[in-house]
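Residue numbers (our numbering), protein chains in the order written: chain Z, 1 to 195; chain D, 1 to 158.
Derived from the structure by calculation, the hints contain no laboratory data. Keep in mind that a hint or two might mislead.
Unchecked claim - Result set (DSS-like, lysine-lysine): computed pairs, CA atoms no more than 27 Å apart in a straight line:
hint, chain 1, residue 1, chain 2, residue 2
1, Z, Lys60, D, Lys13
2, Z, Lys175, D, Lys27
3, Z, Lys177, D, Lys47
4, Z, Lys134, Z, Lys60
5, Z, Lys60, D, Lys27
6, Z, Lys175, Z, Lys93
7, Z, Lys185, D, Lys13
8, Z, Lys138, D, Lys47
9, D, Lys8, Z, Lys185
10, Z, Lys60, D, Lys8
11, D, Lys8, Z, Lys138
12, D, Lys13, Z, Lys134
13, Z, Lys139, D, Lys13
14, Z, Lys185, D, Lys47
15, Z, Lys192, D, Lys47
To be verified - Simulated restraints, written as ranges between beta carbons of each label pair:
hint, chain 1, residue 1, chain 2, residue 2, range
16, D, Arg67, Z, Pro145, 20 to 28 Å
17, Z, Phe70, D, Arg68, 20 to 28 Å
18, D, Arg33, Z, Ala5, 51 to 59 Å
What the hints assert, rightly or not - Here are some chain Z residues pointing at chain D (derived, C-beta under 7 Å):
hint, residue
19, Glu12
20, Ile14
21, Gln33
22, Val50
23, Asp52
24, Phe70
25, Leu133
26, Trp171
Glycine included, every Cβ here is placed at the ideal spot set by N, Cα and C.
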Amino acid sequence: MESNAQERLEVEWIRRAQQGDHEAFGLLVEQYQRRVFSMVFHLVHQQNEVEDLVQEIFIKTFRAIRSYNFRAPFGAWVARISVNHCYDYLRRKRSSRLNYYWQLSEESRRMLERGLEPQQRESPPSIEEQAVLKDLVKKLLDRAPAEDRMVLVLKEIENLSVEEISEVLNWSVSKVKVRLHRARKRMLADLKRYR
Amino acid sequence: MHCGRIQKLLEEKGEASLSPVDRQHLKVCPDCRLYAHDWSILTQGLKFISQEPIPEPSLGFSARLLRRLDEENARGLLHPEFYENAGRRVIFATLVLVFTLLLAMALPASGPVRHKPNVDTYWPQPEVLTTRNAPVDLSSFPPLPAWVEVKSVSDHWR
């Protein structure tokens with residue numbers, strides 16, 4: 001009941017924003033900014049760039065809001081604009097495929113090697129190990145092609161379902177599954193290269 | 001074959017989904033063990049990244065955004081679709097014009113698309129001069145060329 005009222009309210013804000021009402025658009029921004037911040041932060045990994053990117057995304061959203069036709073949920077529509085914007089950003093700022101292994105400390109390397117032992121895998125990772133794992137996976141994500149990164153972040157970090165990803169990326173469900181599989185394989189191959 | 005199936009299961013459903021036989025295989029197969037280890041590094045790393053605190057929008061983020069929208073509106077930048085549509089129409093009209101000109105140049109100067117050919121076709125017809133029954137005084141004519149044959153009506157129908 002409450003969600004229905006919220007939905008009706010949101011539709012009203014969208015209609016007002018479509019007529020150029022900035023105040024109504026501000027309410028939509030309040031509603032979706034956390035989700036957009038999260039997505040952008042996980043996609044670009046540049047904390048200092050996140051706010052500027054989010055602002056650009058919302059300006060793009062306002063410019064395009066007249067073309068929103070209520071077919072998809074507004075959140076998915078905003079997510080699509082966010083992902084496309086981040087995709088363009090990542091392609092522009094594509095980090096070079098230079099060797100990054102030197103950036104891993106000796107301790108991190110040792111910790112990863114220790115992790116090969118089966119008995120070590122059973123215990124939950126310590127805070128330091130968590131930091132190393134995060135660092136390593138972030139580096140792998142940074143090196144991955146932009147499309148792999150998009151689909152992996154949406155699935156594994158933003159926890160979207162395959163159907164939701166297909167809506168956001170405007171791909172078919174089967175394409176999402178294939179790309180997801182390919183992205184995981186590529187990440188694993190990259191990790192092997194590290195060894 | 002066995003390894004491929006186990007690795008796919010690991011990737012899609014995780015280690016918990018493996019049967020006891022598969023688990024036994026995982027213990028003895030170095031390839032699958034390495035795969036499982038690498039896969040767990042990836043999934044754990046991704047999980048820890050997802051648990052990181054997300055940066056909060058700074059104070060007054062929405063207000064700054066709305067101010068920027070106002071500024072862009074004042075400068076006429078918010079609705080570029082008008083200029084886009086106008087530009088698209090100009091380009092379309094130019095393309096139509098160029099295509100028409102090219103078509104006009106490519107077509108032959110005559111033919112079924114244009115009009116009838118300019119060349120007049122002349123079919124020579126025999127000239128028949130009749131004087132009906134009136135008597136003709138041939139001596140009043142200037143001398144006829146040698147190739148003109150004079151026949152009377154009765155000769156003509158004979």
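Taking the hints in turn, this is what the structure says about them:
no.: 1; hint: Lys60(Z) - Lys13(D); in the structure: 38 Å, violated
no.: 2; hint: Lys175(Z) - Lys27(D); in the structure: 34 Å, violated
no.: 3; hint: Lys177(Z) - Lys47(D); in the structure: 20 Å, holds
no.: 4; hint: Lys134(Z) - Lys60(Z); in the structure: 32 Å, violated
no.: 5; hint: Lys60(Z) - Lys27(D); in the structure: 53 Å, violated
no.: 6; hint: Lys175(Z) - Lys93(Z); in the structure: 26 Å, holds
no.: 7; hint: Lys185(Z) - Lys13(D); in the structure: 15 Å, holds
no.: 8; hint: Lys138(Z) - Lys47(D); in the structure: 11 Å, holds
no.: 9; hint: Lys8(D) - Lys185(Z); in the structure: 10 Å, holds
no.: 10; hint: Lys60(Z) - Lys8(D); in the structure: 40 Å, violated
no.: 11; hint: Lys8(D) - Lys138(Z); in the structure: 23 Å, holds
no.: 12; hint: Lys13(D) - Lys134(Z); in the structure: 22 Å, holds
no.: 13; hint: Lys139(Z) - Lys13(D); in the structure: 25 Å, holds
no.: 14; hint: Lys185(Z) - Lys47(D); in the structure: 18 Å, holds
no.: 15; hint: Lys192(Z) - Lys47(D); in the structure: 20 Å, holds
no.: 16; hint: Arg67(D) - Pro145(Z): 20 to 28 Å; in the structure: 37 Å, violated
no.: 17; hint: Phe70(Z) - Arg68(D): 20 to 28 Å; in the structure: 26 Å, holds
no.: 18; hint: Arg33(D) - Ala5(Z): 51 to 59 Å; in the structure: 54 Å, holds
no.: 19; hint: Glu12; in the structure: 18 Å, violated
no.: 20; hint: Ile14; in the structure: 15 Å, violated
no.: 21; hint: Gln33; in the structure: 5 Å, holds
no.: 22; hint: Val50; in the structure: 5 Å, holds
no.: 23; hint: Asp52; in the structure: 11 Å, violated
no.: 24; hint: Phe70; in the structure: 19 Å, violated
no.: 25; hint: Leu133; in the structure: 4 Å, holds
no.: 26; hint: Trp171; in the structure: 18 Å, violated
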